[in-house]
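Chains R and W supply the protein sequences, listed in that same order.
Under our numbering, think of the first position of the first sequence as 1395, with each following residue one higher.
Under our numbering, think of the first position of the second sequence as 1395, with each following residue one higher.
One or more hints might be untrue.
Since the list gives no way to pick one copy over another, a pair counts as held whenever it fits inside one copy or between any two copies.
Below 25 angstroms or equal to it, Euclidean Cα-Cα: the simulated DMTMM-like pairs (lysine to aspartate or glutamate) are [said to hold, decoys possible]:
hint	residue 1	residue 2
1	1442	1639
2	1502	1422
3	1558	1616
4	1442	1453
5	1530	1570
6	1442	1555
7	1502	1662
8	1461	1555
9	1536	1555
10	1663	1453
No lab work stands behind these hints, which were simulated from the structure alone.
None of these values were measured; they are calculated from a predicted model.
Protein chains: 2
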Amino acid sequence: MDNRPIGVFDSGLGGLTAVREMLRILPDEQIVFFGDTGRVPYGNRSQKIIAHYSRQDAEFLMSKNVKAIVIACGTASSVAGALLEKELPVPLTGVLEPTARAAAAATKNGRIGVIATEATIRSGSFQQALHSISPKLQVFSKSCPLFVPIVESGFMLEHPDITKEVAETYLAPLREADVDTVILGCTHYPILKRIIGEVVGEQVRLIDSGRETAAYCRTLLEQNDLLAPAGPGDCSFYVSDRIDDFSKVAGIFLREDVHSSVQLVDIDKFEGAIS
Amino acid sequence: MDNRPIGVFDSGLGGLTAVREMLRILPDEQIVFFGDTGRVPYGNRSQKIIAHYSRQDAEFLMSKNVKAIVIACGTASSVAGALLEKELPVPLTGVLEPTARAAAAATKNGRIGVIATEATIRSGSFQQALHSISPKLQVFSKSCPLFVPIVESGFMLEHPDITKEVAETYLAPLREADVDTVILGCTHYPILKRIIGEVVGEQVRLIDSGRETAAYCRTLLEQNDLLAPAGPGDCSFYVSDRIDDFSKVAGIFLREDVHSSVQLVDIDKFEGAIS
């Protein structure tokens, strides 16, 4: 048993889709969420910058005395997950392994699609994670650079029809490849799950990286005897910019009014040198 | 006469549309361009962060011994232009005033549309600049948050049809308002000029903020006796991330192969505290 909070970070607010699942699966836990809204998006940046930012994000969470860290961001998990796991003194999980395991278990024809940001796709990290489970899996990847801004600006709410057309152009190669499972490799994408599902067809299983990561976080806490004692859980929210808009945007991801207050963090103050 | 270079900065690479015009109008000048590709986009950030970043960008250019600075970014001009003009020891222009003057001169019915990023529209800066020229002008503003990622990811090249649909949704209120002039208030938008023109109709004048700012830069240099002596001009490129992709993306904005080399800048090293 351990009373300390779990730290969760994301490049922006997409990681709140993982927090939503954590609040459901781990109702007794305190969660400290940091969204790097001052530097979002990570997905089109270089590996070096993403690693630097991710380390600063983790350092901030460590300053909150967390007992474990969840990287609720496909890009940061892909680029900096292994690095941070080695460096940090607490258990850590990114979205990669839990999501890859769920996809490998779900596929029947061995053909898996991966959609994610440009940096995640370029890193080949999901493909590697899937191949380390089974080298026979065939993986088809596609970056979808407009999905994050579509979600963050709320465009999909006002214009689901055009959003669907964008999804159709991005997903066409996966449909042609006859995949039966698609990994939503970015924690923003569950917000587009209905539209993506309509485009790929209901016979295709969508693997939600936020949900799988939340489930694995529970396992990780159990294995390390770090679960919190029974009691009301809670979530504190920290962001690096745009505190005013937080409640509105967070509501999209959490699917409820956000009552907790949000605090601003000067993330540049945290060390993050990665060689 | 002055041999020193002109400094130009932008949040990303959209400002290269202004550089393209400067190379045409000011062929004798040395230009130092800095694109803050490590922190793009500015348009959805808070005023405080945008002001901080803009000051760092200007400090970097000052370290290159520039004789004048052009803010080739609608967002940075709107949020930090007045501030930097006061602080810097060299002449400076943003895109606001030159663009507002051109629009005020172009309109016949006094109804002007402004499209730009969220931060620019929220700042009300174009409206203020237009009203300081003539309080009678009627200004209709619309933020277009997907335009920058559409341009930066090259989506409009592969999918002009969907890009046009996005433009139609954003521009519908301006068409209904019967504007006869539209300010492209973000230096990325000239890349979408043909599509935007098709949507608003050929009777509507599009004012290109990059072009107007380049023209005013010439006037500013003349007024301050800072024009370079005759001789071959040149442009040096600096960015804060993704040096590998620079040539490809820069080609979209400059409409030519970029032969000059590009150098990486650690922009966080430059002072930029704005209270």
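Results of checking the hints against the structure:
Within a single copy, residue 1442 and residue 1639 get their C-alpha atoms only as close as 29 angstroms, which misses the 25 angstroms cut-off; across copies the closest is 15 angstroms, which meets it. For the identical chains of this complex, residue 1502 and residue 1422 are neighbours neither inside a copy (36 angstroms) nor across copies (65 angstroms), given an alpha-carbon limit of 25 angstroms. Proximity of residue 1558 and residue 1616 under a CA criterion of 25 angstroms is satisfied in neither setting, with 40 angstroms inside one chain copy and 52 angstroms between copies. In this assembly of identical chains, residue 1442 and residue 1453 lie within 25 angstroms of each other by CA distance both inside one copy and across copies; the values are 17 angstroms within and 23 angstroms between.
For the homomeric pair residue 1530 and residue 1570, the shortest alpha-carbon distance inside one copy (19 angstroms) is at most 25 angstroms, but the shortest distance between copies (57 angstroms) is not. Proximity of residue 1442 to residue 1555 under the C-alpha cut-off of 25 angstroms is found in neither arrangement, the shortest distances being 37 angstroms within a copy and 35 angstroms between copies. In this assembly of identical chains, residue 1502 and residue 1662 lie within 25 angstroms of each other by CA distance neither inside one copy nor across copies; the values are 46 angstroms within and 49 angstroms between. Taking identical chains as interchangeable, the C-alpha atoms of residue 1461 and residue 1555 are never at most 25 angstroms apart, the minima being 43 angstroms within one chain and 50 angstroms between chains.
Taking identical chains as interchangeable, the C-alpha atoms of residue 1536 and residue 1555 lie at most 25 angstroms apart whether they share a chain (21 angstroms) or sit on different chains (20 angstroms). Taking the shortest alpha-carbon separations for residue 1663 and residue 1453, both the intra-copy value of 10 angstroms and the inter-copy value of 20 angstroms come in at or below 25 angstroms.
When each numbered hint is compared with the structure, violations occur for hints 2, 3, 6, 7 and 8.
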